[in-house]
Amino acid sequence: MNNSINKAHPSWDELKLAWKTDTGTGSQALRTLDVRAVCERETRRLLRSVLLDWASTLLGFGLFVTLAAKAESIWGRIAFGLVGLVPLLHGFWAGHLRRSLWQASSDTPRAYWTLRAKRARFALTLFRTGPLLFTAGLLVGITLRLGLPEEDQPTLQPMIRGWIPPMIAALLVPITPYALWRLRHHQKVLRECEEVLAELAGEPEESQDLPTPTRPSPPHHGRR
Amino acid sequence: MNTESEHLDELLGVHDGMIDRILASYERAPEARLDLRQEVAIALWRTLTRFRGEASHRTLIARIAHNIGAEHVRQIIRRGATETLDPGHPSETAGPDQVVVRNSLREELLLGLEHLPLSQRQVVSLHLEDFSHAEIAETLGLTEGAVAVRLHRAKEALSRWMKTR
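As given, the protein sequences belong to chains A and B, one line each in that order. So in the working numbering, spot 104 of the first sequence is number 104, and the numbers just go up one at a time. Numbering-wise, the working numbering comes out as the position in the second sequence, counting from 1, plus 1000.
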C-alpha cells in the first residue's frame, strides 16, 4: 500500500487494512497457561455450585416429604407434598439454567442474552415467591396441624408457642435483606438483558428503505 | 485433557488477531482486553466439549468474542465507569508513516464503532474480519438480508461520523 490513505474519507478497503493492523499481542503461551488454571478452577466452582443446588433441593424436599409422611389425612399429605415439590422443581430448573449458561457463550448473541434474561426472570420469581412460599408452607402446615396424628399434638403445641416462630423469624431476618439485595441485582440484570436484546434487534429491517447489497459494497467515498 | 488443551492453544493461536480486534470494538484499553481474551479462552474451552462442527471454529470464536465484549460493556455501564481513552493519544506502535497513519485510522475506526448501535457494530466488525454475509448471518443468528441492511446503515453512519471528525 502507499502513504496516500485519506484519513478524512477513507475507503472501505483502507478501513479493512487499518482494522487488521492489530494482529494480537503474541504473549499466547503465558495467557494459555493462565487459562488452563482458571478453567480448572471454574470446573471446580461449577461442581461445587451443582452440589450445593442438589443439597439444598434435597434438604427442602426431604423436610416436606417427612412432614407429608407424618400427616394422617390425605389433604395434609397432598399439601406438604406440593410444597415439597417447590424446592425440587427449583433445583432442577436452576441446575438446568446453570448448565445452559455455562456453555451459552457460543450461542448467537440473541440466544445468549435471551437465556440470561430467562435466568434473571427465574431468579426474580424465586426471590419474590420462594421465601414467602416456604414460610407460608411451614406456618400454615404446622399451625393448622395439617392432619398430624393426635399423639403428636401435645408436643406440637409447645413447639408452636415456643421455638418455631422465633426460629422462622431468625431465619427470615438475615434472609430478607439478602433476598432484597438479590432481587435488586436480578432486576438490574434483567433490565440490562432487555436493553441488549432491544439493541440487538436494531431498527426494523423489514422497512428495507435502503438497497440491500449481497456483497460488500464498493467504497462509496474516499480516493484510491 | 491434554488434547483438549492443545486444541484450545491451537485455536487461540490461529484466531488471536481476530479475537483481539473484535474485543477492541468493545474495549480499547489493551490491558483490559487481556482479561477479556482470557474470558474468551475460558468460554471457548467450555464450549469445545460440545462442539459438533455445525459451524466453523472462526464463527464460533467470533460469537464468543462478541458475547463477552457485549457483556463487558454492560458491566462497565453498570459500574458507571465511562472513561474512554483520549482519542488524541498517540499510538503505541512506532514505525513508518504508513503504519502510523494506519494505526491512527484504526483508532478513528474504533472510536467510530463505539458510536454505532450494538446491532450494527457487530456486523461491521465481522465484515472487517472478511466474514461473508452468510457467515455474519450464521454468527449473529440473522438473515442475510438483515445483515446487508445493517451493514449498509452502519457504513453510512460510519461515513457520516468520520466526515465530522
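In short, the hints are calculated from the structure, not lab data. Among the hints, erroneous ones may be present.
Residues of chain A placed beyond 10 angstroms of chain B at every Cβ, according to the derived structure [to be verified]:
1) Trp54
2) Thr57
3) Leu89
4) Gln103
5) Pro131
6) Pro177
7) Lys188
Facing chain B, according to a computed beta carbon distance under 10 angstroms, are these residues of chain A, among others [stated by the list, open to error]:
8) Cys39
9) Leu51
10) Ser105
11) Pro109
Below 25 angstroms or equal to it, Euclidean Cα-Cα: the simulated DMTMM-like pairs (lysine to aspartate or glutamate) are [what the hints assert, rightly or not]:
12) A:Lys188 <-> A:Glu40
13) A:Lys16 <-> B:Glu1006
14) A:Lys118 <-> A:Glu42
15) A:Lys188 <-> B:Glu1054
16) A:Lys188 <-> B:Asp1016
From a predicted model like this one, the values you see are computed outputs, not experimental measurements. A virtual CB, placed ideally from N, CA and C, is assigned to each residue, including glycine.
List of violated hint numbers, smallest to largest: 4, 7, 9, 12, 13, 15, 16
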